[in-house]
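Undergrad: Next come the chains, spelled out residue by residue.
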Amino acid sequence: MSTQTITAAPAKPRTLVDMNWDPITRIVGSLGIYTKIDFANKEVAECYSTSSIFRGYSIFMKGKDPRDAHFITSRICGICGDNHATCAMYAQNMAFGIRPPNMAEWIVNLGEAAEYMFDHNIFQDNLVGVDFCEQMVKETNPGVWDKAQRTEAPHAKDHGYKTIADIMTALNPFTGEFYRETLQVSRYTREMFCLMEGRHVHPSTLYPGGVGTVPTVQLFTDYLVRLMRYVEFMKKVVPLHDDLFDFFYEALPGYEKVGQRRILLGCWGSFNDPYACDYKYENMNAWGNKMFVTPGVVVDGKLVTTDLVDINLGIRILLGSSYYDDWQNEPKFVDKDPLGNPVDQRHPWNQTTVPRPQKRDFNGNYTWVMSPRWYHEGEPGDKKYLALDTGGGPIARFWATALAGKVDIGYVKATGHSVKIYLPQTAMKPEVEFEWKIPKWSNAIERDRARTYFQAYAAACALYFCEQALKELHAGNTKTWTEFKVPDEAIGCGFHEAVRGVLSHHVVIREGKIANYHPYPPTPWNANPRDIYGTPGPYEDAVQNTPIFEENGPDKFKGIDIMRAVRSFDPCLPCGVHMYLGNGKVLETNHSPMFGMMK
Amino acid sequence: MPKPIKEIDILWITAGLGCDGDTIAITAATQPSLEDILMGGIPGIPKVNFHNPFLAYENGAEFVAFFERAAEGQIEPFILVIEGSIPNEEIKSEGYWAAFGTNSDTGQPITTNEWIDRLAPKAWAVVAAGTCATYGGIHAMAGNPTGAMGLADYLGWAWKSKAGIPIVCVPGCPVQPDNFMETLLYLLFQSTGRAPMIPLDEALRPTWLFGQTVHEGCDRGGYYEQAEFDEQYGSRKCIVKLGCWGPVVQCNVGKRGWMGGIGGCPNVGGICIGCTMPGFPDKFMPFMNQPPGSLLSSHAVMTYGRAIHALRRFTQASLNKEPSWRKPGPELTSGYSE
Ligand code: SF4
Ligand code: SF4
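Chains as they are written, first to last, in the working numbering: chain S, 1 to 599; chain H, 1 to 338.
One chain only, chain S, in its complex shape (with noise of 0.2 Å):
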């Protein structure tokens, strides 16, 4: 298995200028990326990420009720915190030995469907947009502004707007049309989420067994009314992003690099077939296999695994550079899976979190997060503890459910090399077919273009769970819960899909209560430090040997480039991370540099 080498030795001499972004704006949560900049070859020669915050979710969670873990662990995260019910109610229904009636889970699945949809919709084009707007791109690239004013937009008759300097300008911060369009987008869609769990962000209805949503004609009305909006707005959305994201690739050649990292995908699954999903552990790669949007690893653009109990089995949580004091001599919690197979001290089910607070180090330890990892045997000499990324989900979903060729409901399917996605007829539109196909990069661009592809993915599958949660209200199936005693001792654990990558939640229940909880969201995935064997994390990686594309010089950089490969993992920091860019001191010679009003 190869490597892909990103960059080359530098032509000239290093002078790095250390520089820092703190907090990293337009997230959800503070990051800071602490960066040494190499001007002279323009790249980033080093990055670290650090994290702000810490919570402590895993210790108040000791000894609290078990079925009060998804309305808990909901609080982890304000933009998808609902991604943290459904997960932790999935490892609830595990250990509770339960299986919501199929109502139940169509209605959670359009409700995750309506979480996909505003989630990215609102990230792309109200927080990633702003960096492609004309307002920025006029401050850092006024080349590429002109070039944009004289190129028209290949798609103009899809979206409306002529160029690509016009995209660029309706993508400007509340004055820009389409960014005011996408802000009212973003409420229609939590409507629609609200129909379903009652609350956005953290639903009011969703339980272990199930759902209180009331299942009424008038309710899934009212939800299919307004995904045809958001149907209709995609076969504008989509075509738009296309263009202006070939557009940066055209002017800026090289492009690509940035944000580009080695192949390495983590999928965890999405929206349970009620048909195939029992939550019996033993059965779950089966039922994962069922999932409408498939579980993977890719591993260098090929897929290692879609076993649900493959990739719960090689997690593992590396300390590193984390403010945490290591468990490997604490007790285990769990031995062997229910198949018989041995569970590591470092998988999440063992796992004992014991805050150390101290200073922050960037050569010692220098953040709140942990480095997971997924330990995979591979060829010989290669690395065993793989720094997977979820490229902020999409482009991960996608790879993972293309390669796999198992989806198929009409709306969408897998072919073994793309998705295809079919809308139908719309009030003013005719149907159409978009194709996400496999990239020849896991960069920036793609990152971002495989997210306005999924906002169309979700609402293709939307469209078939309605139907068939019609299907089972006209058939008069509207039980949507199921009844369950907490057992005294067991495990369990949750996958899922949350709008940004790969989500679990590992439980173990002992005297009825809960002994051990932990939840692994994207972002420590992305947004981790250099683990003890000193790989470092995704963001540091792929932001590391980013080419420096900015016009400006030190004075007044802006550190565009770096910008949109961090955003581009769509971080979320309540469950992560701080990065950190200092204020542009030169390290080697005197010359200092100032960013906007900071003294």
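Just so you know, the hints here were simulated from the structure itself, not pulled from any lab data. Positions of the beta carbon are idealized from the N, C-alpha and C atoms, including for glycine. Treat the hints loosely; a few may be bogus.
[Said to hold, decoys possible] Cβ-Cβ distance ranges computed for the label pairs, FRET-style:
(1) 225(S) x 225(H): 31 to 39 Å
(2) 532(S) x 42(H): 49 to 57 Å
(3) 74(H) x 362(S): 25 to 33 Å
(4) 337(H) x 217(S): 32 to 40 Å
(5) 471(S) x 219(H): 23 to 31 Å
(6) 40(H) x 225(S): 30 to 38 Å
(7) 340(S) x 159(H): 56 to 64 Å
(8) 219(H) x 217(S): 50 to 58 Å
With the hints as your guide, set chain H with the ligands onto chain S.
TA: Then chain H with the ligands, alone, in the frame of chain S:
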């Protein structure tokens, strides 16, 4: 009467122990929306400059600069919004629980608490957004390692801004979108002299939003009255037996819904877990148990109206109090031990 304010900055710190859910919530608001306020869409309010990391154009130090300038008295007047619970940084010898930006002299993170200490005395008004910031919330539950508390615990319940405004608490986990934006709008009207001092209850909540119980606004109240109680989630009847605390919780979500009148809690089949209350979450857990006392109140509902009312007041008083460990000082009493 102070001079009407013509222009005001809103400095929003999300770096408490939170989830950013309240910031996300306000992007959902439509009554009024963020655009309404920021683009001059409402008459009678000042020009508003908004600084929230989630929606900021600026980045890193450029963004922090607004906060630095405000702390130095160069931005005047401003409203400080705090989101997330306030950790207790006194209970450990070094490091940080929550931080925002970096101190250029030491290279160490600037703690959120230090920002509050520097900014609160200069603010025209201080608003706590969401239950974490108001009363501690989830991150302040029993067994927590950070000593988390609410802003009023940290600054003092009697604290007043230099304009004489108490801390304004808009609880909710997360905050109901329009509840927050409506409160903000009220303050903006107050700043131009178009509204009197904002009316707050003893837990510092706007009275017009939090004066009623969930139950008083719940559209399942008819079933409660007929003593028709669900034993299974997913039907239309009253869910008090399944864990709804609506009868004693002060919140308007049962009536207002979550956004655009859609969603909510008991009105759409979700038990009320008391997320707006100072006693949240500890006094409501385990959430899925029937609230103590509600059995009596539900059986007796038709005959014992008065007695129940008194009983409820009693429970409500206790739920309106935070657990004792949410307080500043060098000692952690949440029950956490390594
Ligand atoms: S569901 Fe809750 S708030 Fe609604 S009537 Fe019943 S007890 Fe009251
Ligand atoms: S009804 Fe209860 S759970 Fe729902 S928002 Fe209000 S206080 Fe929170």
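Undergrad: Each hint should be assessed against the structure and marked as holding or not.
TA: Quick rundown of the hints versus the structure:
At roughly 34 Å, the beta-carbon separation of residue 225(S) and residue 225(H) lies within the given 31 to 39 Å, and the hint holds. A C-beta distance of roughly 55 Å is found between residue 532(S) and residue 42(H), which places it inside the suggested range of 49 to 57 Å. Our hint of 25 to 33 Å for residue 74(H) and residue 362(S) holds, since their Cβ atoms are close to 31 Å apart. Our hint of 32 to 40 Å for residue 337(H) and residue 217(S) is violated, since their Cβ atoms are close to 54 Å apart.
Against the hinted window of 23 to 31 Å, the Cβ-Cβ separation of residue 471(S) and residue 219(H) comes to about 28 Å, which satisfies the hint. Restraint check, residue 40(H) to residue 225(S): a C-beta distance of roughly 32 Å satisfies the suggested window 30 to 38 Å. Checked against the hint of 56 to 64 Å, the C-beta distance between residue 340(S) and residue 159(H) comes to roughly 59 Å, which is consistent with it. Restraint check, residue 219(H) to residue 217(S): a C-beta distance of roughly 18 Å breaks the suggested window 50 to 58 Å.
The structure fails hints 4, 8 (numbered hints given earlier, in ascending order).
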